[in-house]
Amino acid sequence: DAGITQSPRHKVTETGTPVTLRCHQTENHRYMYWYRQDPGHGLRLIHYSYGVKDTDKGEVSDGYSVSRSKTEDFLLTLESATSSQTSVYFCAIRAGVTGTQYFGPGTRLLVL
Amino acid sequence: GESVGLHLPTLSVQEGDNSIINCAYSNSASDYFIWYKQESGKGPQFIIDIRSNMDKRQGQRVTVLLNKTVKHLSLQIAATQPGDSAVYFCAENAFNDMRFGAGTRLTVKP
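Going down the list, the protein sequences come from chains S and W.
Those letters in the first sequence? Residues 1 to 112, per this note's numbering, in order.
Those letters in the second sequence? Residues 1 to 110, per this note's numbering, in order.
Read the hints as simulated data drawn from the structure, not as lab findings.
Do not take every clue at face value.
With a straight-line Cα cutoff of 27 Å, these simulated DSSO-like cross-link-like pairs (lysine-lysine) come out [to be verified]:
{"no.": "1", "chain 1": "S", "residue 1": "LYS70", "chain 2": "W", "residue 2": "LYS42"}
{"no.": "2", "chain 1": "S", "residue 1": "LYS57", "chain 2": "W", "residue 2": "LYS42"}
{"no.": "3", "chain 1": "W", "residue 1": "LYS42", "chain 2": "W", "residue 2": "LYS109"}
{"no.": "4", "chain 1": "W", "residue 1": "LYS56", "chain 2": "W", "residue 2": "LYS68"}
{"no.": "5", "chain 1": "S", "residue 1": "LYS11", "chain 2": "W", "residue 2": "LYS42"}
{"no.": "6", "chain 1": "S", "residue 1": "LYS57", "chain 2": "S", "residue 2": "LYS11"}
{"no.": "7", "chain 1": "S", "residue 1": "LYS11", "chain 2": "S", "residue 2": "LYS70"}
{"no.": "8", "chain 1": "S", "residue 1": "LYS53", "chain 2": "S", "residue 2": "LYS70"}
{"no.": "9", "chain 1": "S", "residue 1": "LYS70", "chain 2": "S", "residue 2": "LYS57"}
Keep in mind the model is a prediction, meaning the values are calculated, not measured.
Let's have the full structure, built from the sequences with the hints guiding it.
Put into structure tokens, the structure is as follows:
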């Protein structure tokens, strides 16, 4: 499992509330990623990080922000959750010379 | 088979048969490809990878074939077992930009 944990694993929230998802890794990987997974779509990149305090946007970054204050933690924040952000969110790390990505167990988020 | 971005197709096979899952990728600059397995309620799990300088790679009960001419990738699972039931999707990597297919749902009938 590449030493990746995500919390919470499930969350139900209301439209307009802020939500923070946490990704924690134990193996000191430099690159970390946040994806969302929706039916009929492949994983879509929200944001990624290439080091402490170094982050960049992915293809679906609107409405999301991230922070990485420590190597092991990468936080994803929905500033004001909307129903369109109902999804399953996966964190990943990049490892090895090939850049293979390994995924966490996911967080299932329902925005009512 | 699947293409990056299309609706999830399904494949049903009998236990013990071989399975072939296909993937059409889009970027001719992609130089690295991965197959992932995702079981219900879990995160994607790495199965096997292949670089663009190869056309075949074998693992334990799995083989990945790459045809760069037609931008096609396939995953072959030998002697498919009930535990192989999952969604399988491919990923292509070009300049550290990884793109994922939507996947194929494999169901194994006893």
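Starting from LYS70(S), check that the Cα of LYS57(S) is at most 27 Å away, please. Between LYS70(S) and LYS57(S) the Cα gap is close to 19 Å, so the pair holds against 27 Å.
Starting from LYS57(S), check that the Cα of LYS42(W) is at most 27 Å away, please. Holds - the C-alpha atoms of LYS42(W) and LYS57(S) are around 25 Å apart, at most 27 Å.
Measure nothing beyond the straight line between the CA atoms of LYS56(W) and LYS68(W); if it is 27 Å or shorter, mark the hint as holding. holds, 11 Å
Tell me if the straight-line CA distance from LYS53(S) to LYS70(S) falls inside 27 Å. Status holds; Cα separation ~8 Å.
For the pair supplied as a hint, LYS42(W) and LYS109(W), is the alpha-carbon distance within the 27 Å limit? holds, 21 Å
Measure nothing beyond the straight line between the CA atoms of LYS70(S) and LYS42(W); if it is 27 Å or shorter, mark the hint as holding. Holds. LYS70(S) to LYS42(W) sits at ~26 Å (cutoff 27 Å).
Given the proposed pairing of LYS11(S) with LYS70(S), does the C-alpha separation stay at or below 27 Å? Holds, at about 24 Å.
Restraint check for LYS11(S) with LYS42(W), where alpha carbons must lie at most 27 Å apart: Holds, at roughly 16 Å.
Has the given pair, LYS57(S) with LYS11(S), been kept, meaning a C-alpha gap of at most 27 Å? holds, 24 Å
Of the numbered hints stated above, none is contradicted by the structure.
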